[in-house]
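> Protein chains in written order, with this note's numbering: chain E, 1 to 901; chain X, 1 to 901.
No wet-lab data here; the hints were simulated from the structure. Mixed in with the good hints, there may be bad ones.
Put simply, identical chains are the same to the list, so a pair is met inside one copy or across any two.
[As the list claims (entries may be wrong)] Below, simulated DSBU-like cross-link-like pairs (lysine-lysine); rule was C-alpha separation at most 35 angstroms, straight line:
#, residue 1, residue 2
1, 659, 721
2, 758, 815
3, 841, 899
4, 343, 550
5, 187, 204
6, 329, 356
7, 659, 41
8, 675, 503
9, 35, 248
10, 815, 617
11, 844, 897
12, 323, 231
13, 101, 755
14, 675, 505
15, 756, 815
16, 613, 247
17, 844, 820
18, 675, 413
19, 414, 624
20, 499, 323
21, 149, 418
22, 899, 101
23, 247, 758
2 protein chains.
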Amino acid sequence: MATTAIKKKNKTKTKGAAGSSKKSAKYVYFFGSGKAEGNAKMKSLLGGKGANLAEMTSIGIPVPAGFTITTETCAQFYELGSRWPQGLEAQIRANMAKLEKSMGAKFGDRDNPLLVSVRSGAAVSMPGMMDTVLNLGLNSEVVQGLIIKTENERFAWDAYRRFIQMFGDVVMNVEHEVFEHILESKKEQLGVKLDTELDPNDLKDIVRQYKKAYQDHTGEEFPSDPYEQLKKSINAVFASWNNPRAKKYRLLNEISGLMGTAVNVQAMVYGNMGNTSGTGVCFTRNPSTGENKFYGEFLVNAQGEDVVAGIRTPEPLDQMQKKWPDIYKQLVAIRARLENHYKDMQDIEFTVQEKKLYLLQTRNGKRTAAAAVRIAVELVKEKRIGQNEAILRVDPKQLDQLLHPTFNPKQAKKCIVKGLPASPGAATGKVVFNAEDAESWAASGESVILVRIETSPEDIGGMNAAKGILTARGGMTSHAAVVARGMGKCCVAGAGEVKIDYKAKQFSVGGVTVKQGEFISLDGSLGEVYQGQLETIEPELSGDFAKLMKWADQTRRLKVRTNADTPHDSLVARKFGAEGIGLCRTEHMFFEGDRIIAVREMILADNQEGREKALAKLLPIQRKDFEGIFTEMKGLPVTVRLLDPPLHEFLPHEEQNQKEMAGVMNVSVDVIRHKVASLHEFNPMLGHRGCRLGISFPEIYKMQARAIIEAACNVKKKGLKVLPEIMIPLVGMKKELDLLKQDIEDVIADVFESKKTKVPYMIGTMIEIPRAALTADKIAETAQFFSFGTNDLTQMGLGFSRDDAGSFLGAYLEKGIFEKDPFQSIDQEGIGYLIQLGVEKGRKVRPDLKIGICGEHGGDPASVNFCHNVGMNYVSCSPYRVPIARLAAAQAVIREKQKKK
Amino acid sequence: MATTAIKKKNKTKTKGAAGSSKKSAKYVYFFGSGKAEGNAKMKSLLGGKGANLAEMTSIGIPVPAGFTITTETCAQFYELGSRWPQGLEAQIRANMAKLEKSMGAKFGDRDNPLLVSVRSGAAVSMPGMMDTVLNLGLNSEVVQGLIIKTENERFAWDAYRRFIQMFGDVVMNVEHEVFEHILESKKEQLGVKLDTELDPNDLKDIVRQYKKAYQDHTGEEFPSDPYEQLKKSINAVFASWNNPRAKKYRLLNEISGLMGTAVNVQAMVYGNMGNTSGTGVCFTRNPSTGENKFYGEFLVNAQGEDVVAGIRTPEPLDQMQKKWPDIYKQLVAIRARLENHYKDMQDIEFTVQEKKLYLLQTRNGKRTAAAAVRIAVELVKEKRIGQNEAILRVDPKQLDQLLHPTFNPKQAKKCIVKGLPASPGAATGKVVFNAEDAESWAASGESVILVRIETSPEDIGGMNAAKGILTARGGMTSHAAVVARGMGKCCVAGAGEVKIDYKAKQFSVGGVTVKQGEFISLDGSLGEVYQGQLETIEPELSGDFAKLMKWADQTRRLKVRTNADTPHDSLVARKFGAEGIGLCRTEHMFFEGDRIIAVREMILADNQEGREKALAKLLPIQRKDFEGIFTEMKGLPVTVRLLDPPLHEFLPHEEQNQKEMAGVMNVSVDVIRHKVASLHEFNPMLGHRGCRLGISFPEIYKMQARAIIEAACNVKKKGLKVLPEIMIPLVGMKKELDLLKQDIEDVIADVFESKKTKVPYMIGTMIEIPRAALTADKIAETAQFFSFGTNDLTQMGLGFSRDDAGSFLGAYLEKGIFEKDPFQSIDQEGIGYLIQLGVEKGRKVRPDLKIGICGEHGGDPASVNFCHNVGMNYVSCSPYRVPIARLAAAQAVIREKQKKK
């Protein structure tokens, strides 16, 4: 979305600006000494970096001075066949003079030299795609000046060495390895390992060798004229705009309509020029907690890369206050000015060069979820931003961190494999390899992690007993992932490198073997698996969180429901703010205890009478389930989906289990084997399931409808409100719904008569088959509500099996065919279009049609935003995602208002 | 379609007619003595039967006189709470008087009684849904008159008995069994078995008992007043319109908007009133050959049911000419009059009552395909109809009969099971259970039938070698069905009752066991399987067929291409009139001989280099395939689909075969087993296949593109024209196509350069994923043509796996959720809408976009009609369906013109 917006802006600007540029012919914009010709709004002309440098300069932040050559100039450079437009050189020289004045140094001067960096910077960030040259302006004379100025011979020669290497690489395409080879040979010859062990003379010799290598490879001498260096570097940056890497990047990221890259020429500053120099990184507030306290580190006589390299330990900022009180005071003032200007917590990089403070960068700081919430709420208290802005400031996805346990960040971790972050949270426990072990070990007080190649509905009990789940196969919407998220349980899915040996009860990955009973730990938010036991920290919800969610609730239009199958889940979800159940999956209820026996009896029965007999046993059990859920939901709407999965899911597929079942059911194992074989399907996703079961075996849906309505009547008789919504899955044709609705209404009439009471109810349908969306006008004649099942709609609409897509989805994301995994975030162009068609056609026939979504996407912020825009009434998601959806729904309202302005 | 049209007409008429009926209040329309108040166009008012009786009467056909009470009267009857509108009784009595006059007999008269039938008849035929009363007008006095009149006491009492039973059942809901019980008891008591063994006195006693039973069950005496009988019968027919059976029938068949049923009261005539009476059935032309010769049978002193019961053998018509020359002359005159009027071959029922000829029914006669073609062409010669009408007269589906062998109809057949008629034709041969046996037995000269639970691509060789294929699993578009149709080979698929035991090499069904080597015979047009060897008749195409097809070709706009993968298939298809190849599936080429080894090497390779090495071996083989096809197609366009199926289809799944492969490839069987396991998918239909393979392994598509274009260049160099169209399957996102098209164009540029020549070519895509149709505007930016893959589009759009749908599709057709199997005939409302969207969006961006269809639907007449209407350029179907498509395409043009009028 952002990309598109920028694209459009650029297109408009291109014409206007290009027209005017011919008249004014202003190629270069200066910034320095507190003034700048550009500002933050001129991104398309000055590039992102140039515009931001100008902005900082304008608001009085001490930024090393410099100038930006516009993106239009780049376009003209191409138009003119890689030549400079007339006047550009003069403007560059004039600006260089201003730069010299601003920095009090001279370009190419051997006494007081000014060195510069030359950097690319397009309107849209293209990280690592284009080129940079640092330390430009050095030659064999100037380096002497630098030695005198810095009183640091080693530094000067090292800078020179680096400059030749970068220039050679970037400007003249001399391969990196050529220079690396010289450096390595030198170190080998001297018997040293680190670059820092080289002394000034070594470096001086390397510079000599570099120059020779440069000449050997380019056929020309290394340029000593700083202006020649500058011109060649600028041209190299212009040229890098159209290097294959950059072109491919733009293709893959759908960046088009840009004119070219801007070029930023900026004075170099150095924090390693002695004990009155230094460098640091700081945050205007604490990025972990959000506390409004200046927070950072600095290092005396060092460059930024030294901080990163971790060779020396930086000092906290209060040490700086003691050492350099004046500079510290300046920094504190800058902190205030930046927060006032950007109205958000800033992440700042600074350098002190001989007591002079320079800001190299400021940007909105990364922060933890807790910090994000606190900062947003406190900025409102400070009247810096409004409530709407505060709502927009917190990334809904981040809230996951607040709702789940995390690992104590202070402990060492050994990551043995990375899978998909299928369900967030942190878990540690002993490895078990099947659901039964998980249940029995957990019953005896052990914390266990269930490790499976994949999970199936038979594993539900074990999944529930485990602290976390690790699977080798399956994607973000595989069975394991969906069920785990529903349970709010940590899950790492599809860790394909994990080789599980069920027989030996162990798994191995990358040379590590983990046996049953050994500890592993899972980070479901990162998808990482660690060897051994780790300490977890339980989440605590702050008052700020409650306040932010209250603002969100006051703002949003979309209702937020939950997907819950048990009274327990219902309670959890209500605590997280769920306003009803959008999806209660009845099949999960079928696996527990004795009920699975009755289910299997029903499946084995070969006539309606036999099925009805078995269903009669299930009726009271299922009725009790619904009574529990209705009671817990206290009159909020509860959408119950009738039986959906294919029947074979309820039968055991492994021989041992089949034998056990034969014993329990008192039939021969052949009977079971034959039934399993007869129910086998090539593509079960597209097979005999959903309402197709209801059409083939009407007695199943009739039993379920009876259980729902009898439960509702019973709960109502206790004086509670109930609002059941019966949902028929996998409808593709109106007539399916007609037939089934009639069956259900007959049952309901019967229940009302025998119970001598009535409850309000609705009968609606999932829209999860493309045909259903395409013929939603027909279906809405019968359906009283729609719930978009976007998991299946995505599977069928894209032709992607979510359990199998893992084998190619990686390549699809990498090649930019999808920006996001379409099972996590709705593919708005394709599946979204289908949804929009469905909503429009449905509402055309039934203007008050209640429409929601109950796929996994209901908890994805971008998808929630889409659901809002398309006019749905509610989204439904797993309990732990309810707060995310509430926040995202509020953001959708605010964004919509902003667009309208 | 027909239903809808009638529906609309009715809706319009309802208002107009209802309005006018209140003024004119004409409830009853008379027909008889050569005049009728109604005609064939008044179906909605008089019902189908009433309108047709009126029409026949008007054109001078001797029809037993009678009158029709309108459908509006039925509606008013309901409006008035089951009472007659004022004036109805008077009109009925007046018309009864006319009827008496016309028939020369009197209703309720004991000397010369008139008996009538009372029958329902709605505007749309609802066979068996509503009620009929015969022999109405009898009572204990009238029966005496009937005895005198017919001189047949037994006949009269039997008629009376039947009347009471029918009246009791239809009018008063006395259960059938009550009367049956009396009849059976009587027979038991007398020790006889057949009704005909009862004498008049027995029947008289039965009448007595019937009347008593009537009174016992209804509480009232059996009505003796003929007018009371008539009134009650009319009311019963009115009421039958809304009986649950009829209502359900209308719901399931989507018949709505009708006013009610008409009631036909017609004089009874009897063919069993002595030797001057009789009955017969005839066709105005020979229904088997189409020869223009009067053809039929008659029986003296008999009723229609006697002919049907087969107790006596009817005589041919020329015997009638001898016996009753006058009546025969009348009948010949009627034959001419009917053909002149209806302009088609008629199927006639007649009765002669005491030398007087009555026509009871005439309708367009059913005929064989050969007869249909001959009659249509000859009717044009006779200037009775035009060419367009002749084209419409032949059901395209019937042509199958002309193109495939059939069984000699004179032999006895024992059908042991019925499956799906998956690929037409007749085949007889020895049973084998695997592809290898099929090939080796066939090689030694045996005719074999391949019997498999299901087939897979590995079986292609064996399928090709077999005369016919029988599978226990899979639908009309299962692998076996699709491949067999492509080969023009007889196939019965999805015969679920067949239990195959591969180990014992036998199958059993319904108590019959068939061992390997025993003969069975298959009728692929009926889906029937027979035990033993049967004689087949090879088809011969007549000159009339050629003439009809020429007319069709002159008329149609749609081009007809074929799906063909070999030069042989291409040749067959061209002979059937194919104008290009719409789908050449490259994967079928991968299974033969050595190539499968190279394919497997490619699959086992774990890096690009290994894959490229294996592909290099395939390149020359595949190039040769294309050279053969391009040469055979003589410059007609050839659409080649790049690799589509998932890779696991090329690996053996049975252990023995895996071991063999391991030997051939010189790897351990574990390697193969592991590869098969790693390629296993839960829903392979939605998995790693189609262009997803091209994205993951670009080298595969590059090799294929190279083979196609090199072949094209080579064939061009021989002086032939070539027109390759490269088709990328399973595209869902424009960017997939962008990336792959670029790869292919790079290869093509390379080939053109090295071959120093160029050929015209196109690069396009299948539209078979719903998303592709929904975003066709985007995709058309890149694609140069679209080919709708309606098999997959149907699977994904409906969420039906064609291999699995068998388990519920039967119920769906039975319950009327689908009128036709959506895999055989496009689901126009759902999938059709998706196609229409795709066509519109595609053409919006690229107005000259070439669009076709290459799914199985390309050979289905209704689907061809749809493709015409939606504006496609061509359809493509299996070779043997090309003539069907040509005829259907011509019919589409004519129907479109008719609509515009």
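> Work down the list of hints and note, for each, if the structure agrees.
To see whether the hints hold, each was checked on the structure:
no.: 1; hint: 659 x 721; verdict: neither (46 angstroms within a copy, 66 angstroms between copies)
no.: 2; hint: 758 x 815; verdict: between (57 angstroms within a copy, 31 angstroms between copies)
no.: 3; hint: 841 x 899; verdict: both (26 angstroms within a copy, 28 angstroms between copies)
no.: 4; hint: 343 x 550; verdict: within (22 angstroms within a copy, 80 angstroms between copies)
no.: 5; hint: 187 x 204; verdict: within (13 angstroms within a copy, 128 angstroms between copies)
no.: 6; hint: 329 x 356; verdict: within (12 angstroms within a copy, 126 angstroms between copies)
no.: 7; hint: 659 x 41; verdict: neither (72 angstroms within a copy, 69 angstroms between copies)
no.: 8; hint: 675 x 503; verdict: both (26 angstroms within a copy, 20 angstroms between copies)
no.: 9; hint: 35 x 248; verdict: neither (37 angstroms within a copy, 84 angstroms between copies)
no.: 10; hint: 815 x 617; verdict: between (53 angstroms within a copy, 29 angstroms between copies)
no.: 11; hint: 844 x 897; verdict: both (25 angstroms within a copy, 33 angstroms between copies)
no.: 12; hint: 323 x 231; verdict: neither (41 angstroms within a copy, 118 angstroms between copies)
no.: 13; hint: 101 x 755; verdict: neither (93 angstroms within a copy, 64 angstroms between copies)
no.: 14; hint: 675 x 505; verdict: both (30 angstroms within a copy, 22 angstroms between copies)
no.: 15; hint: 756 x 815; verdict: between (63 angstroms within a copy, 33 angstroms between copies)
no.: 16; hint: 613 x 247; verdict: between (68 angstroms within a copy, 31 angstroms between copies)
no.: 17; hint: 844 x 820; verdict: both (32 angstroms within a copy, 28 angstroms between copies)
no.: 18; hint: 675 x 413; verdict: between (48 angstroms within a copy, 33 angstroms between copies)
no.: 19; hint: 414 x 624; verdict: neither (46 angstroms within a copy, 55 angstroms between copies)
no.: 20; hint: 499 x 323; verdict: neither (57 angstroms within a copy, 91 angstroms between copies)
no.: 21; hint: 149 x 418; verdict: neither (50 angstroms within a copy, 99 angstroms between copies)
no.: 22; hint: 899 x 101; verdict: neither (44 angstroms within a copy, 85 angstroms between copies)
no.: 23; hint: 247 x 758; verdict: between (67 angstroms within a copy, 29 angstroms between copies)
Comparing the model with each earlier hint shows violations of hints 1, 7, 9, 12, 13, 19, 20, 21 and 22; every other hint is respected.
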